[in-house]
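Guided by the hints, dock chain B onto chain A, whose structure is given.
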Amino acid sequence: MTTTFGRFVRTATAAALLSATMLSPALADTTLKFVSWQVDDAGTGDWWKAAIAAFEEANPGVKVEFTKVERAAYADTMTTLFAGGQPPHIVHLASFEFQSFAENGWMENLGPWLDKDGIDMTGWAGQGKCMWNGETACIMMNYFGFIMAYNKALLEQEGLSVPTTYAEFLEVARKTTKDFNGDGITDQYGTGHETKGGAGQYLTEMLSYILDAGAYWTDADGNVTIDTPQMVEGLTRWKTIVKEGLTPIDLSAGDIRKLFADGKIALRLDGPWLYGIMQNGAAAADTVVAEPAFTPPVGGSSNVLGMASEIPDGEKALVWDFIKLVMSPEWQRKYATIGKNTPPSPVADVSGVEQDVPHFPLLIKTMMAASDAGVDRIPTGLEIQYNEFGKMVQEEVQRMLIQDLDPAEVVKVMQERAEAIKNGG
Amino acid sequence: MSRVRLFDLARPSRQHLMGYILLAPAVLLVGLIIVYPLIISIDLSLQAVKLPRIGAPRAPFTTANYERLFASSEFWMACWVTLKLVVVVTAGSLITGVSTALLVNNRFRGRTLARLAMALPWAVPEVIAVVIFAWIFDSSFGLMSWLLVKLGLSNGMVAWVSTPGAAFWAVAITMIWKGFPFVSIMTLAGLQSIPTDFYNAAKVDGANVFQRFRWITLPLLMPVLGVTLVLVILWVFRDFSIIKVLTEGGPLKSTQTLSIMTYDQAFGFFNFGYASAVGVVTLVICVVASLLMLGRQTRAMY
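In order, the protein sequences belong to chains A and B.
Following our numbering, the numbering of the first sequence begins with 8 at its first residue and continues without gaps.
Following our numbering, the numbering of the second sequence begins with 41 at its first residue and continues without gaps.
So that you can see chain A by itself, here it is in the shape it has in the complex (with noise of 0.2 Å):
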């Protein structure tokens, strides 16, 4: 008996201990995937990481697994990591592709999780754009407006000043576009622009020429808008400066950045991101941001956070407290000194964030200026056609580009495809 009941001492010991030493920290562990393609991002990554690493010292025990996939893969690997069951938990997208994956059901409805802890989204920029079939599908990471970049000393040159409307932008372009050796090679670009790649960039680059001649895709009530004289203006423009070479063309946008920061191209209009690459570049003596020439900037919804509707409660609670983390007005305040970037919270504090990013005010003002406007990159009522509207277009104008067709023809064809697809056609 003895025997017996001492055997029984020494199992329920071991398996109590083998508890204590395996089985506590499988529990306790967690660990939240997250995938970005901003983790390299200057500015914005370094944000990132240090929400993270707040957000685990805050929770020991889990970890947030921030993962890179480039920008160019993005939307095929979510769509796999989604359709094969294995979603990350913190789920990061453009604000022009989470409506399919809302639309499947994928994202958690973050409204109950808002209300449970009392957050008023009341004036966050941009945040109309999560709401999708009545719920909260996202919390909008960013909006932001376009400036303009230019290189003062090729402008100071030619003895030109800095561009406020589309002529001054034109005639600046064109003054700076240079083939010094005469080999028919252009050394030097007035702007320059990204045309090859992804059709959504091809129409975010052309937007400011539209946006300034008054035109735009839709309208509110989601009704396309293509075929206006405003919008022939937009394209006329667009077409003058490619024809006439004002931009390096078939190059990517990275490559554009590059190229601008390095003093081959005079002026660019960019998002607030433009600036950690400026600073890096072989030109940042002379690169300077001011105010866009054109009227309203362009501008935005950039991207959102959300939440993966199939993972288990307990790892929802904890994806929530992550998302929460970061809408915080301290760490909103920390997107811009450390993310150099417009916080779309209403109440984070910025003052005195212009001794660290002293362009800071312009960003500000160049947002306000595209929220004042309605300005959005994503048309209200392509929203889910968004990829395949943006193909269409860039389709078409590449059409007009090469053919050289009239603008006027082209908005009329532009308009009928638009309206297919926007009918399920």
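Treat the hints as calculated values from the structure; they're not laboratory data.
Even for Gly, the Cβ is constructed at its ideal location relative to N, Cα and C.
Treat each hint with caution, since some may be false.
Short, incomplete list of chain A residues facing chain B, as computed with Cβ under 10 Å [unchecked claim]:
| no. | residue |
| --- | --- |
| 1 | T86 |
| 2 | F108 |
| 3 | E110 |
| 4 | A206 |
| 5 | G252 |
| 6 | T254 |
| 7 | P255 |
| 8 | Q401 |
| 9 | L408 |
When the alpha-carbon atoms are kept at most 27 Å apart in a straight line, the in silico DSSO-like pairs for lysine-lysine are as follows [as the list claims (entries may be wrong)]:
| no. | chain 1 | residue 1 | chain 2 | residue 2 |
| --- | --- | --- | --- | --- |
| 10 | A | K56 | A | K341 |
| 11 | A | K250 | B | K190 |
| 12 | A | K56 | A | K323 |
| 13 | B | K190 | A | K182 |
| 14 | B | K284 | A | K75 |
| 15 | B | K190 | A | K185 |
| 16 | B | K190 | A | K429 |
| 17 | B | K124 | B | K243 |
| 18 | A | K323 | A | K40 |
| 19 | A | K331 | A | K123 |
| 20 | A | K250 | A | K182 |
| 21 | B | K90 | A | K40 |
| 22 | B | K190 | A | K265 |
| 23 | B | K284 | A | K246 |
Label pairs and their computed distance ranges (CB to CB) [what the hints assert, rightly or not]:
| no. | chain 1 | residue 1 | chain 2 | residue 2 | range |
| --- | --- | --- | --- | --- | --- |
| 24 | B | E114 | A | G92 | 29 to 37 Å |
| 25 | B | L69 | A | G130 | 51 to 59 Å |
| 26 | B | S53 | A | G92 | 40 to 48 Å |
| 27 | A | G125 | B | A96 | 33 to 41 Å |
Chain B alone, transformed into the frame defined by chain A:
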């Protein structure tokens, strides 16, 4: 004892079982990585599904994806581009590959180096090769346009990626560069298996170099060339990364092959049902082409 004898695979009547057992892992692996996705793909193509989900309930059966596909001008355009690319790239790879193989089959100083140089493009990873060619064909600062300008063959930079004809040739040249070494290596192996007695006898009979090539080399190479041809055609059919990196299928769909169309529909527009239909039709075309080619080209002429 009787149980042991039951599994005695050494018995002549059960020797075939051993073969099946040895084959089973390979068959299971093939089933898992080829047949299963194929079945999933065919099943998806017969559903109106935007974004699929493993384990999700099946959507109702429909042939709408195929009806839309065959009525779509985009699909026929992609077929035409694929066909053009198959013909140009296969012919280019074959001519370059056979020529270089004939060259390095001769004895000369530096032959080893020449063979190495010939095989080099095959060894370079495809994505790296495409990035290099993307710079060569860059429309603003590319080497190819610079050369054309310096040689006086062009007045200015050529818009390789934004002109339909130039984009097609940029893709085709890159594919030929990447594909010809495979033909060379296969042809070289075939050339080395031809007995020298045949050439000696032909020389005695007074056959010149072209006659020896026409009546000895080419016929005896046909089994190798036939299989190589099929493999090259299938490679051109399914190749994706070269076109994706260089032109993304543009401009104006001038380089959009069936594989690019499948990708765009699946991951660009999230039309997985429709994309699966494109994929299934591509597979059928590939199978038919392979059967035709293998049936006719792999037989030696003698």
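| said: Checking hints one by one. Is A:F108 an interface residue toward chain B, by the C-beta closer than 10 Å rule? | reply: holds, 8 Å
| query | Does the alpha-carbon distance linking B:K124 and B:K243 stay inside the 27 Å limit? | reply | violated, 40 Å
| request: Starting from B:K284, check that the Cα of A:K75 is at most 27 Å away, please. | output: holds, 21 Å
| query | Any CB of chain B closer than 10 Å to the CB of A:L408? | reply | Holds, about 7 Å.
| Given pair status - B:K190, A:K250, alpha carbons within 27 Å | holds, 23 Å
| Taken at face value, is the distance from the CA of A:K323 to the CA of A:K56 at most 27 Å? | holds, 20 Å
| task | Take the C-alpha atoms of A:K331 and A:K123, compute the straight-line distance between them, and say whether it is at most 27 Å. | result | holds, 12 Å
| Does A:E110 pass the interface check with chain B, least Cβ-Cβ distance below 10 Å? | OK, holds: A:E110 within 10 Å of chain B, min 8 Å.
| query | Within a Cα-Cα threshold of 27 Å, do B:K90 and A:K40 meet the stated pairing? | reply | Satisfied, since the Cα-Cα distance of roughly 25 Å is no more than 27 Å.
| Holds or violated: B:K190 to A:K265, with C-alpha atoms at most 27 Å apart | Status holds; Cα separation ~26 Å.
| Agreement of hint A:T254 with chain B interface, Cβ distance less than 10 Å | holds, 9 Å
| task | Look at the Cβ atoms of A:G125 and B:A96 and judge whether their distance stays inside 33 to 41 Å. | result | At roughly 35 Å between Cβ atoms, B:A96 and A:G125 fall inside 33 to 41 Å, so the hint holds.
When each numbered hint is compared with the structure, violations occur for hints 16, 17.
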